[in-house]
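Enquirer: This is what each chain is made of:
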Amino acid sequence: NAGVMQNPRHLVRRRGQEARLRCSPMKGHSHVYWYRQLPEEGLKFMVYLQKENIIDESGMPKERFSAEFPKEGPSILRIQQVVRGDSAAYFCASSPTAGQGQETQYFGPGTRLLVL
Amino acid sequence: SQQGEEDPQALSIQEGENATMNCSYKTSINNLQWYRQNSGRGLVHLILIRSNEREKHSGRLRVTLDTSKKSSSLLITASRAADTASYFCAMTRGNTPLVFGKGTRLSVIA
Chain A
856 NAGVMQNPRH LVRRRGQEAR LRCSPMKGHS HVYWYRQLPE EGLKFMVYLQ KENIIDESGM
916 PKERFSAEFP KEGPSILRIQ QVVRGDSAAY FCASSPTAGQ GQETQYFGPG TRLLVL
Chain B
87 SQQGEEDPQA LSIQEGENAT MNCSYKTSIN NLQWYRQNSG RGLVHLILIR SNEREKHSGR
147 LRVTLDTSKK SSSLLITASR AADTASYFCA MTRGNTPLVF GKGTRLSVIA
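Sequence lines, in order, name chains A and B.
The letter at position 46 of the first sequence is residue 901 when you use the working numbering, and the numbering goes up by one with no holes.
The letter at position 25 of the second sequence is residue 111 when you use the working numbering, and the numbering goes up by one with no holes.
In short, the hints are calculated from the structure, not lab data.
A portion of the hints provided could be inaccurate.
Computed far set for chain A versus chain B, every beta-carbon distance over 10 Å [said to hold, decoys possible]:
1) 870
2) 872
3) 885
4) 919
5) 942
6) 943
Listed next, the in silico DSS-like pairs over lysine-lysine satisfying Cα-Cα at most 25 Å (straight line) [what the hints assert, rightly or not]:
7) B:156 <-> A:899
8) B:156 <-> B:188
9) B:188 <-> A:899
10) A:917 <-> A:906
11) B:142 <-> B:155
12) B:156 <-> B:112
13) B:156 <-> B:142
14) B:112 <-> B:155
15) A:899 <-> B:112
Label-pair distances were calculated between CB atoms; the ranges are [to be verified]:
16) A:864 <-> B:161: 31 to 37 Å
17) B:103 <-> A:883: 39 to 45 Å
18) A:893 <-> B:110: 19 to 25 Å
19) B:166 <-> A:926: 19 to 25 Å
20) B:110 <-> A:959: 35 to 41 Å
21) A:918 <-> B:146: 44 to 50 Å
22) A:913 <-> B:114: 18 to 24 Å
23) A:894 <-> B:98: 15 to 21 Å
Predicted model only: the values in this text are computed from it and were never measured.
Positions of the beta carbon are idealized from the N, C-alpha and C atoms, including for glycine.
Take these sequences, add in the hints, and give me the full structure.
Expert: Here it is as structure tokens:
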């Protein structure tokens, strides 16, 4: 059973471009979470999704950022018109059941975004 | 804020010694989890302790939870160079998302 997959592992964008990050949860997991980590910092929650639904997006900036988890295919975190401050590591995690607090989350290797 | 705070921020020990890291939080929780992150990698789940538990073991790891003091500790016994990593506590309350502290950076010197 493959773990959480994220791609690309590294992404370089120029200011103003779009960044698209993909996450495939573990097989059988229908809950996906996105986190952002700045250097020397802990992870900050961004958004929690189930298939075709956004459950909690309280940690996601209201502008330029969007996330989806379609019925088929990976979850996508999209950052439009990137700025240098978006440079960070973005981690995806998945869990098998409802209730973020009740089950362990399994993390992917992350996508490291660098905005030039 | 429910954010946890790990203490110390950095810890350097010799191989074979024990390493103790602490985590404090401010509100009531359902459970508390510890994760490890190697440099440049994702997080690996180590252990989960529920609010009605006081102590849990997993291999060389021992976690305690004191809900009256709102604190938890992670003990790694007989440390190895491979234990070098950052260690994060994360806590949940109901359906809130995982909230992470800034981590403790552990260096185990061979």
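Enquirer: Hint by hint, say whether it matches the structure.
Expert: Each hint tested on the structure:
| no. | hint | result |
| --- | --- | --- |
| 1 | 870 | 24 Å, holds |
| 2 | 872 | 24 Å, holds |
| 3 | 885 | 15 Å, holds |
| 4 | 919 | 21 Å, holds |
| 5 | 942 | 15 Å, holds |
| 6 | 943 | 13 Å, holds |
| 7 | B:156 <-> A:899 | 21 Å, holds |
| 8 | B:156 <-> B:188 | 17 Å, holds |
| 9 | B:188 <-> A:899 | 10 Å, holds |
| 10 | A:917 <-> A:906 | 21 Å, holds |
| 11 | B:142 <-> B:155 | 17 Å, holds |
| 12 | B:156 <-> B:112 | 7 Å, holds |
| 13 | B:156 <-> B:142 | 16 Å, holds |
| 14 | B:112 <-> B:155 | 9 Å, holds |
| 15 | A:899 <-> B:112 | 17 Å, holds |
| 16 | A:864 <-> B:161: 31 to 37 Å | 33 Å, holds |
| 17 | B:103 <-> A:883: 39 to 45 Å | 40 Å, holds |
| 18 | A:893 <-> B:110: 19 to 25 Å | 22 Å, holds |
| 19 | B:166 <-> A:926: 19 to 25 Å | 45 Å, violated |
| 20 | B:110 <-> A:959: 35 to 41 Å | 22 Å, violated |
| 21 | A:918 <-> B:146: 44 to 50 Å | 46 Å, holds |
| 22 | A:913 <-> B:114: 18 to 24 Å | 19 Å, holds |
| 23 | A:894 <-> B:98: 15 to 21 Å | 20 Å, holds |
The structure is inconsistent with the numbered hints 19 and 20, although it conforms to all the rest.
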